[in-house]
Structure formats: structure tokens, C-alpha cells
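Those protein sequences? They're chains A and B, same order as listed.
Each residue of the first sequence is one higher than the last, beginning at 21 in this note's numbering.
Each residue of the second sequence is one higher than the last, beginning at -1 in this note's numbering.
Since the hints were made in silico from the structure, they are not lab data.
A quick note: this is a predicted structure, and the numbers were derived from the prediction, not measured.
Backbone N, C-alpha and C fix where the C-beta goes; we use that ideal spot for every residue, glycine too.
Honestly, I wouldn't trust all of these hints.
Below 27 Å or equal to it, Euclidean Cα-Cα: the simulated DSS-like pairs (lysine-lysine) are [stated by the list, open to error]:
(1) B:K2 - A:K44
(2) A:K44 - B:K93
(3) B:K93 - A:K71
(4) A:K143 - A:K71
(5) A:K65 - B:K133
(6) A:K71 - B:K2
(7) B:K42 - A:K65
(8) A:K77 - B:K42
(9) B:K2 - A:K65
Partial list, derived from the structure: chain A residues whose beta carbon lies under 8 Å from chain B [unchecked claim]:
(10) L32
(11) S66
(12) Y92
(13) L99
Pair by pair, the computed Cβ-Cβ distance ranges are [claimed, not checked]:
(14) A:R86 - B:P123: 43 to 51 Å
(15) B:W152 - A:E42: 43 to 51 Å
(16) B:P6 - A:E130: 29 to 37 Å
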Amino acid sequence: MSGEEEENAAELKIGDVALILEHKYEQLQQMSEDPLNQVSQVFEKSLQYVKRFSRYKNPDAVRQVREILSRYQLAEFELCVLGNLCPETVEEAIAMVPSIKTKGRAHDDEAIEKMLNDLSLIKKFE
Amino acid sequence: MYLKVQLPWNVIIPAENLDAKGLMLQRSIIVRLMENFATRKATKDLGYFLAVTTLESIGEGRVRQHTGDVLFPVVFSCITFKLFRGEILEGVVHKVLKHGVFLRCGPVENIYLSYLKMPDYRYVPGENPVFLSDKLSKIEKEVVIRFIVIGTKWLEVEREFQALVSLEGDYLGPISQC
């Protein structure tokens, strides 16, 4: 990522966000009887979105995905896009994140294939 | 992209909420911070404000003259959501028009996919208008679409983002939900 304003920002995957928002929602539920009244629209819409689009539902799987992807010297941005979209083929992965194939980086098709395989394994055993 | 950001903010506690017991004060600072956070909604640089995750520190309070309110500098971490140009995302169609469709993606309601940016699709009018491709792939209401962001615009008055997206690229288009 290039913008200067995001210097102190770290990217998160949808799975991470789903965990945090759901936890937050539970906290609010304990505090009041009608939690939806307490939260902002932005929160509510985002919670719906991450619930629908999170590929991995269980917290351990979300952690494992981050761990596996972090072995491949990816930029945070690339890591998140791959973790969010879960491409199935090498070609699809390169279409989603063209930068993983750029010169000077150690990702040949084989390495990418292995990475995608590892990811699909997590999904299988979830 | 979701971002985890640490921010310094000022929280103003009205004089009547000040309490000798420290715990109550901390509570009202947190409550006030969360209210401010929710009403702020979004900023141009960081995108939509989703949730406060941790309150890192509360600084020394300063009494404001005239009102007697106390201003506390705080540092906290939060999650935000910002659309980036070139990012690939998934969203849900909520409106189909003759010249394109509107999508929703998390807190962003106005994501426009113009018919010019999906050349394979043709508009089919009717009670439930749809966009159809030669390969019979269908874009209608409530369909999930994977798209690439080609531009974003920040609306200062509404404190909202609008985005233009495209289906021109490999592996973009409607996806079946399993």
C-alpha cells in the first residue's frame, strides 16, 4: 500500500474483522437488551457483510490462514486479498493479485499452487 | 480493505458527568469515545469507522474555560474499512438500472457498475430487470459479484464514499454462493 496516511495502519482480513465485530456485538448484547439500537449503521452493515463473506468461520482457522500466508513473504495487502477471496487456481490467484508474479519475487507457479493447497486444506478440516 | 489503526483523539466530558470515583470517569470517557466514534462515521483518509477495539491510554484531563468541561486526550485502536483503487472485492447487487447496477459492500452503499464496464452483459428489461451475458451468466438483485475498484469519491457532506467498479478483468463477475 502506498498512501502516507496509512503509516500506522495494518490491514486485516475479513475473517479477523468478523471475529472482532462479533465479539463486540456480544459485549453490547450483554450491556443492553436491544443491541441493534446501540450500534451505528456502519457497524451493523459491516457485521452483516463480514458474516456473509467470511470464508472461514472458526477462530482457529482464521488464525491458521494468517500463519500459512505469512510464510510466503507476501505484502500485507496481498495477504489480505488472498485470504479474503480464497482463489482456487494459480491463474485466478495471479489475476486477483498480479504483484505476486512480478519480477524478482520468489513466487513461481509451484509455490503459489502449494500455498493455495494449504489454504484449501484448512477449509476442508474446519 | 479493512485497516487496524491507532488514533489520538480528544474526548470532552461535561462537568456533570465528572465523578470523584475514578472508575465511573473512565467509563464515561469510553462511552463518550464510542459515541463520537459512531457519529464520525467515516473520514476521507481512513474510510468508514467500524469499531473501537482497545483504549490504549487516557492522558491528563484539561479543564476548558467558561464551560468547565474536561478534555481528555486519548489514544485508541479501531478498525476501519476503506476502498482502494485496484482492489478486488465482493459485493451484493441491490438495484438494477438500464445503465448499470448498484452494489453494496459492507458499509458502502453506492458502488456503481456501469454497463460500459461490463461489455459482455446485455440489459434485459422487465418487472425484474437483469443483465445477461452470452454465456447466460446473470446479474440481478441480491446476486454476489466480484469486481475491481476503478475509482472512489469522498462526499464530505454525507461523510460517505462512492465507488466506480468494473468487471473488465479475469475472474470477475457474478459468483455462486455455496
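Self-check item: Distance restraint between K143 of chain A and K71 of chain A, which requires alpha-carbon spacing of 27 Å or less
Solution: holds (16 Å)
Quiz item: Straight-line Cα separation of K2 of chain B and K65 of chain A no greater than 27 Å?
Solution: The hint holds at about 18 Å.
Exercise. Evaluate the given range 43 to 51 Å for the C-beta pair formed by R86 of chain A and P123 of chain B.
Key: holds (46 Å)
Quiz item: At a threshold of 8 Å, is the proposed contact between L32 of chain A and chain B supported by beta-carbon distances?
Solution: Since the shortest Cβ distance to chain B is 4 Å, the answer is holds.
Quiz item: Close enough to count: is the Cβ of L99 of chain A nearer than 8 Å to one in chain B?
Solution: Violated: closest Cβ of chain B sits about 11 Å from L99 of chain A, beyond 8 Å.
Quiz item: Is K42 of chain B within 27 Å of K65 of chain A, Cα to Cα?
Solution: Holds, because 19 Å separates the two Cα atoms, which is no more than 27 Å.
Quiz item: When the nearest CB of chain B is found for S66 of chain A, is that gap smaller than 8 Å?
Solution: holds (5 Å)
Practice problem: Could you grab the alpha-carbon distance between K77 of chain A and K42 of chain B and see if it respects the 27 Å cut-off? | Solution: violated (31 Å)
Practice problem: Decide if the proposed pair is consistent with the structure: K93 of chain B and K71 of chain A, CA atoms, cutoff 27 Å inclusive. | Solution: Given that 27 Å is the threshold and the Cα spacing comes to 22 Å, the pair holds.
Quiz item: Keeping to a limit of 27 Å between CA atoms, is the pair of K65 of chain A and K133 of chain B held or broken?
Solution: Cα-Cα ~33 Å, so violated.
Quiz item: Taking only the CA atoms, is the gap from K2 of chain B to K44 of chain A under or equal to 27 Å?
Solution: Roughly 15 Å between the alpha carbons, so the hint for K2 of chain B and K44 of chain A holds.
Quiz prompt | Satisfaction of hint between K93 of chain B and K44 of chain A, Cα-Cα up to 27 Å | solution = violated (31 Å)
This entry does not satisfy hints 2, 5, 8, 12, 13, 15 and 16, going by the numbered hints stated previously.
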